[in-house]
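Student: Okay, here's what each chain looks like letter by letter:
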Amino acid sequence: MMATISSVDDSARQRAPLEGGVPGVEAPPLEAVVVRFAGDSGDGMQLTGGQFTLSTALAGNDLATFPDFPAEIRAPQGTLFGVSAFQINFGSSEITTAGDAPDVLVAMNPAALKTNIHALKPGGMVVVDTGEFGKRNLEKAKYAANPLEDGSLARWDVLAFDISALTLEAVKPFGLGNKEALRCKNMWTLGLALWMFDRDRQPLIDWLNAKFAKNPVLAQANIAALNAGHAYGETAELAGPLKRQHIDPVPSAPGLYRTITGAEAISLGLVAGCQLAGLPMFFGGYPITPASAILHHLVKMKEFGVTTFQAEDEIAAICSAIGASYAGQLGVTSSSGPGIALKGEAMGLAVMTELPLVIVNSQRGGPSTGLPTKTEQSDLYQAVYGRNGDAPLPVIAACSPADAFECAIEACRIATSYMTPVILLTDGYIGNASEPWKVPDPAGFAPFPVAFLEEPNGESRVLPYKRDERGVRPWIRPGTPGLMHRIGGIEKAVDTGNIDYAPDVHQAQTDARKARIDGIAAGIPPQEICLGEAQGTLLVIGWGSTFGPIHQAVRRAQKKGYAVSHAQVRHIWPLPGNLGELLAGFDHVLVPEMNTGQFKTLLRDRFLVDAVPLNKTSGQPFAIAELEAAIARFFDGIAGNEGGEVEVNETQLPAPEIEQP
Amino acid sequence: MNDMTPIETTLKDWETDQEVRWCPGCGDYAILKAVQRTLPMLGADPKNTVFVSGIGCSSRFPYYVESYGFHSIHGRAPAVATGIKLANPQLDVWLVTGDGDGMSIGGNHTMHVLRRNLDCQIMLFNNEIYGLTKGQYSPTSRPGTPSPTSPAGSVDRPASPCAFALGSGARFVARSYDVSKDLSEVLMAAYRHKGAAFMEIFQNCIVYNKDRFDDFTDKAVAADMQVQCRDGEPLLYAKETRGLALDPETLSLQAVDVVDGDWQGAGVLRHNVRNRTLAHMLVEMPFGPFPMALGVILDDPAPTFESAVVAERQGLIAGKTADLGKLLARGQTWTVP
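Line by line, the protein sequences are chains F and U. Anchor point for the first sequence: position 258 equals 258 in the numbering used here, and the numbering is continuous, going up by one each time. The numbering used here runs 1000 ahead of the 1-based position in the second sequence.
FYI, nobody ran anything at the bench for these hints, they're computed from the structure. Among the hints, erroneous ones may be present.
As the list claims (entries may be wrong) - Distance condition first, Cα-Cα at most 30 Å in a straight line; then the derived DSS-like pairs of lysine-lysine:
hint: 1; chain 1: F; residue 1: Lys302; chain 2: U; residue 2: Lys1320
hint: 2; chain 1: U; residue 1: Lys1320; chain 2: F; residue 2: Lys438
hint: 3; chain 1: F; residue 1: Lys302; chain 2: U; residue 2: Lys1047
hint: 4; chain 1: U; residue 1: Lys1326; chain 2: F; residue 2: Lys302
hint: 5; chain 1: U; residue 1: Lys1320; chain 2: F; residue 2: Lys211
hint: 6; chain 1: U; residue 1: Lys1239; chain 2: U; residue 2: Lys1012
hint: 7; chain 1: U; residue 1: Lys1012; chain 2: F; residue 2: Lys466
If we strip away everything but chain F, and leave its shape as in the complex, we get:
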């Protein structure tokens, strides 16, 4: 049995240990640790993970999280498919991914143990609640024998004790029923975890008091459980692996910080974008996983001129947003793949009527219902190509929770400046994950105020489709005197917008719609290399939430001496003007994506470049190790060995439906 927790980053081990110890902290400081909480979907694992994240951020560590939960709200208790997990990677250096294999696993029942144990690093620590390891739960988890007794966990440090009984004991004074008392188990576990990583309990205590303000007994019981877990770590005379760990704070730029999830960041970015445009926002949405969180956040921001409308379906959600844009607000709608498919026809209407609109797609695994709670990047074709007719519109993709804030502002800017619908791609991983965020100062944002047409722009008459030098038509609000006009989805004459589908008119308007969107490339920043040189042997180019793992893998490959660089593309359509030139500076181009190669196709089409795909569609983010292996193959001297597919492997978060061997 190993008695220490290994660090997440192999390269970190080679560095000199950080100097000095923290009084009362026994083990030497580590650079980064990955912890995974796993339990029944009713055990409050997401909440435990979320609060642990907050305490970690408050301790000044950089972090990344990955919540992973089943599609069922409350799957039958104790079953393999009901396991919910939350992984956090935190440390004293920059963290960009939720980490590959965990160092510590907290498993609240046999099913959680079974579905997660194989991901744990050899020698890693597993904390289990023996109170849940009765015959019935073992059967539900399809264990023939108790794994705590049959020696099958010998590879790991097992820390097994009766958390259920300890929790019941701790909350006894509050007279809760058995069921309610056991609900405090997650707080007990959290208390232990806080002790293990030298975290302050006070923010949690404050949070519990606020959460249960109407029921002080529950607040006190949860706090008692938290304290008991903490005290257990402090006082238990355990000969085993339990050692207190301290992770130094990450050196960060001075300023005010908070944690932020992608869904929060998008909501805030949309509000900021509308403020910068000087417009009220109309948000039309229909509940869908994982996009609903954006609507949940926006309803709390109505003082910023936000109107939210929960429509009867996805189509009504986008059509109402189009109506609001027509009336002079910025219409926004949001969904996930299946809902975006339903919105397709209406997107074409917004393209044809040339009205600003922001469409957020929080991508999930597809096709059809697919994997509602798992992540994938497989809606890129849908975003770029997925409409009837030649219906070009700009597409941008956020690469992290914090980046989503800027992308949302950018989407508002492009939509209003070019009178066009814009698709903003994010995914379930970005939406649910949280990371520390340096709170920006709004004074630093550049406004892009909207000007509506107020006077006739033709000779004594209004010309709703008269374009400016960028091909942009005027925005005219109903209610404006003298500018009455009619628009619609049917092809229309140049300038007047009257119904006209003569051959030369359709040719002219198709060309104009395309030229206007292509022209946006001139108004976006050039593509940058975010790590490495501007030329070399290999460029790893990604988009969206693959940013973290690609960045780490490229960094490690560079340390091995490989001439490899990383670029992450935000503007998917139109692509930045310098991208072709940039790609030409490298011998090889590798495109890792959580799909079967969609961005690869786009790059090949636009630049005739031999972009090599690296694909993964297991519903899980890339592991750094997978990308490192793919990069290495470009440097092993074996021709034809480059890139390749990523196999599903056991270090991933559990897909509980699949039985582990």
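Start from chain F and add chain U according to the hints.
Tutor: Using the frame of chain F, we list chain U on its own:
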């Protein structure tokens, strides 16, 4: 309707320079004229008026009215209108739809705009056929309607738009037809009703379903086969020789003879536009044994959707200031020195 000051206009002010492209003799012409004739009577203001439509023959309507207009996509006009009205509650919003657009592909949105009670006027032109796609049977076609997709006659049972509207919680339901002299009166009542005002307007499709409504619109039978619903007045027809009474045994309407004008003696009901039960019975009377109920069948206003949305927002934001800096720093924060 909105609360703006009435404006003086003439019929000409509501005509556009666009060539009207319906088939010659189409009932849509008469409805367009009735609307253009009625808007000046209401003091409506072109700049604050928006006509929103879906797809179909009826949905070309906005191009012919000199106001703001939005010709959207098939069935979705109620959703577009909802966004417009929520963004600017001061606008007068008219929806133009048909039996295919509003009852088939857009049935869902029709239901929700009615149950929410968005303040707008909904004109559903019912010609009982798909015109623009060349004559297929529609959700309101009578059983046995021969068409390109039902050569042996359609087998579907038709939906009743007014019954659908009532079932969806509509607070205003009226019926008229393209060349009716009473259409203007119905349009005015709909405009004055604050909330979603649903109008089923029977419309003659000269090409694919010609004279379909002759059995109650033809001059020869109109008196016998139409009952005009007017608030407070008895439900009489056939030159006041027949009337509608309640059959207490079956709790349904029955047609009774009225002798010497003694409608009270015959038990004939007075129409009451706030009586939802009566409205249900009037729109569900089987035509043939009963006449067609026309006019304002229900007019019982309730608070509108957009006013509720505004009130909800005001409640939520009371005492809050829109400080973006503070919003961004919401939640638990920490400072790195």
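Student: Each hint should be assessed against the structure and marked as holding or not.
Tutor: Going through the hints against the structure:
1. F:Lys302 <-> U:Lys1320: Status holds; Cα separation ~9 Å.
2. U:Lys1320 <-> F:Lys438: Cα-Cα ~24 Å, so holds.
3. F:Lys302 <-> U:Lys1047: This hinted pair holds, its Cα atoms lying about 28 Å apart.
4. U:Lys1326 <-> F:Lys302: holds (14 Å)
5. U:Lys1320 <-> F:Lys211: holds (22 Å)
6. U:Lys1239 <-> U:Lys1012: violated (37 Å)
7. U:Lys1012 <-> F:Lys466: holds (26 Å)
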